[in-house]
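All chains, please: the whole structure from these sequences, using the hints.
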Amino acid sequence: MSSQASIAGWRRVVLSVTLALAASGGVARAAEPVLSPITVASRDAFWAGDFDEIERQNAYFRQPGRIEPSGISQIYLFRKGLNIVLKNKVENAEPYLKELDLLTLQWANEHPKSAFAHALHADALLTHAWSYRGGGYVKDVPPQAWKDFHAYLRRAAEYLNAHADVALTDSYAHAVLIQVAKGMEVSREQMKAIANDGLKRNPEDFGLYFAVQETLLPKWGGDARAVDDYIKYATEQTRERFGQGMYTRMYLNAADDQFGHMLFENSYADWDKMKQGFEDLMARYPDSPSRLNSYAYMACLAKDKDTFLKQFAKIGKRIDRERWGTNPERSVEGCRRWATSL
Amino acid sequence: MADFRVRLGQLFVFGLFVGAACQAGAAPTKADDSAMEMAAKIRTELALPFRLPDEVHLDADLRAEAKSIASAHLARIQQLLPGWIEEERRVQRARDGKPSDGYVFFAVFARVLNELALWQLEPGDAAYEKATLDVLKATPAACQYSGDSRFNDFASRIMRIQAMPPGQRQAALAAERRLLEHWGKPRPALQLQPWPNPLPQDAAMAAVEKIQAGGERPPLALPPDLASELLGNGVKYKDLPGESRCELKRWWMLVSLAQGTSPEAALNAFRYATLIGAMDRYGRAFESEAEETSKEEAGSAPRYPRLAQRFDVSGTTTVSRRFDAAGKPVEVNVVERKITVPGIRGVRPVAFENTFDALSLHQGFQGGDAAKPGAPLPPVFQMVWTLDPPKGEKP
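Just so you know, the protein sequences line up as chains L and E, in that order. Quick note, the first sequence lines up with residues 97 to 438 if you use our numbering. Quick note, the second sequence lines up with residues 18 to 412 if you use our numbering.
Read the hints as simulated data drawn from the structure, not as lab findings. For each residue, glycine too, the CB sits at the ideal point set by N, CA and C. There could be a bad hint or two in this list.
Calculated from the model, a selection of chain E residues having no Cβ within reach of chain L, i.e. all distances over 10 Å [to be verified]:
| # | residue |
| --- | --- |
| 1 | R80 |
| 2 | R93 |
| 3 | E104 |
| 4 | R112 |
| 5 | R167 |
| 6 | P183 |
| 7 | R204 |
| 8 | A224 |
| 9 | L292 |
Reference listing, derived: stretches of chain E covered by chain L, where coverage requires no fewer than 3 residues with Cβ under 8 Å from a Cβ of chain L [stated by the list, open to error]:
| # | stretch |
| --- | --- |
| 10 | 148–160 |
| 11 | 247–261 |
Below is the structure:
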């Protein structure tokens, strides 16, 4: 599918959706305990209303090769800072979010040729939409919230549609659009088409793979097979840079978001492939204690005692609770007890 | 007309931050020793607004040059201080016969604080003014942390220069040198604009209230940190941290410009809004927050601010107010200040002009004359602040 065709495709989808939602809600991911300096810088600049600075940072971090020693893309860390401001918790969310809508629209009007400015405004509208719905299950969403949720999703979609020529030159707009589409009845193929178009703009915006993967999880109306198919696809697309690494990263994400300690029981995750992915990532990006933790945890879930003991020994005192699933203390303790038992 | 008097005797109760001056007054030292001690104390205090804390992000060469400017300036003022102390002694000798070291100390210190205030308000040359305004318009960096907000006078100016294009920095530093050279000299050309009415922070907060009420809103949106605090969490202006206060004033400056205010007027208003006056620096040293709150109890007569007692600040404030349909004051502003402070001659005592603002505003919201209950409230009234004892009373 050509770039133009894919843009036209999502336009049709976005503007003609019936706005029905996937069957169930998601659960927010825990924040990292220590923020990257990149995240802090974007958060602080946005917080103070310094548009020129965040635009400068965006332009810098979306350049090729901006990858952290841990293998994380810097544009992801940059956007994480923006997200902190957008999702800032206040006592009275509505006036705060309305002001963000106005501020980002003001910036977009002042910088009509800035793709980033348009995407940021769409992101503000998107955040406003999800503030009504929340990240919980459908049964937990106040019935009155749906109308506003849909209205703000539609505004975000229509805004991006109206400024597509400029906005879609930055894959940030595609990342926003996937989240808009997640709230609408958009087909998997069109979701993937949006991501592919964004990846043509910025092949290193790996967050787009993760964004699509999330929409394919069972809790968002997908299924384990669709998740596995897409992970395999993304792995092949990124093999040159990460080897088998993307397979591992995306299944770690799937465990965090949906499958938890039952990853190998309830999904099509293949431990041998994940293990190879860990090895490939460690070879390319050795500076990642958190990945060592993930490696050990996954080895435990996969009942690979030798690998667990080897990786756990490397961790030493650098236990990263964030990487051991829910109830991490018991998870670490249980894995250690299992591995040392006869 | 309200008239608030404090016994003159209270003026001679010492013992707060002016330890050095107290000792000088209490111990039978020679005049020269006393003057040296006063000068040393003032020099120590004056060094605070010229600090450039390590945490403040500055390019190394700019920091070095700024430090050099500050050092040269402090050295020059140090040389002037003995003359200022002697001048004050002569004034007091002529007036009271015998100068009091405590009185002389406060008068000279008032003069120094006022030089700081004049320096904050004085415009530079046209290029400096344009560069300053451009920075304030372009980046919130001008309001980022620049040290203790009571003493970040110099650091905040250098922060602005840091945010200027490198090609403008040398000219801006040269302008800073020239402005500092005005200290202690007559300023015949300095035509200070009056205090903006309302103050930018008051106008900004009134606009925030309109946003909250869904009324007509200003043309510019609040930055996220202010939107979070003011709209999301309902924080009051007085509870905002120093950086956020500065950002609010900067935001209002941008709003004013968008509404057609001239650049000169907008910059002047911003300077008044961010002016660090004597009360801002040392109010808490004389009066705790609890004491200040206690005097704000409804119906109680305002107590003379202790800092004003120590510095012998007196004068009048004129207060205007707007009422709602029920006759309750809903907006109060100080529209005129006529203040005198010993030690400050030939220039407006801008460092002390807002000394009575908080109490005047408080009184404006209180309303009535206790002697005439039920009488309509005057839309404009004057408060007289004097330390002179009423006729017939002994000091």
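Each hint, compared with the structure:
1. Listed as a non-interface residue, E:R80 keeps its Cβ farther than 10 Å from every Cβ of chain L; the least gap is roughly 21 Å.
2. At roughly 36 Å from the closest C-beta of chain L, the C-beta of E:R93 stays outside 10 Å, upholding its exclusion from the interface.
3. In this structure E:E104 is separated from chain L by more than 10 Å, as the shortest Cβ-Cβ distance comes to about 45 Å.
4. With a closest Cβ-Cβ approach of about 51 Å to chain L, E:R112 is found to remain outside the 10 Å limit, as its non-interface label requires.
5. Separation of E:R167 from chain L is adequate, the least Cβ-Cβ distance of about 22 Å exceeding the 10 Å criterion.
6. Against chain L, the non-interface label of E:P183 holds: every CB pair exceeds 10 Å, the least being about 16 Å.
7. The beta carbon of E:R204 is kept farther than 10 Å from every beta carbon of chain L, the shortest such distance being approximately 35 Å.
8. The claim that E:A224 is not at the interface with chain L holds, since no C-beta of that chain comes within 10 Å of its own (minimum 12 Å).
9. With a least beta-carbon separation of about 22 Å from chain L, E:L292 lies farther than 10 Å from that chain, consistent with its non-interface assignment.
10. As drawn, the stretch 148–160 of chain E meets chain L at 5 residues by the rule of a beta-carbon pair under 8 Å; at three or more, the given contact holds.
11. Judged by the Cβ-Cβ criterion of 8 Å, the stretch 247–261 of chain E is covered by chain L as claimed, because 4 of its residues qualify and three suffice.
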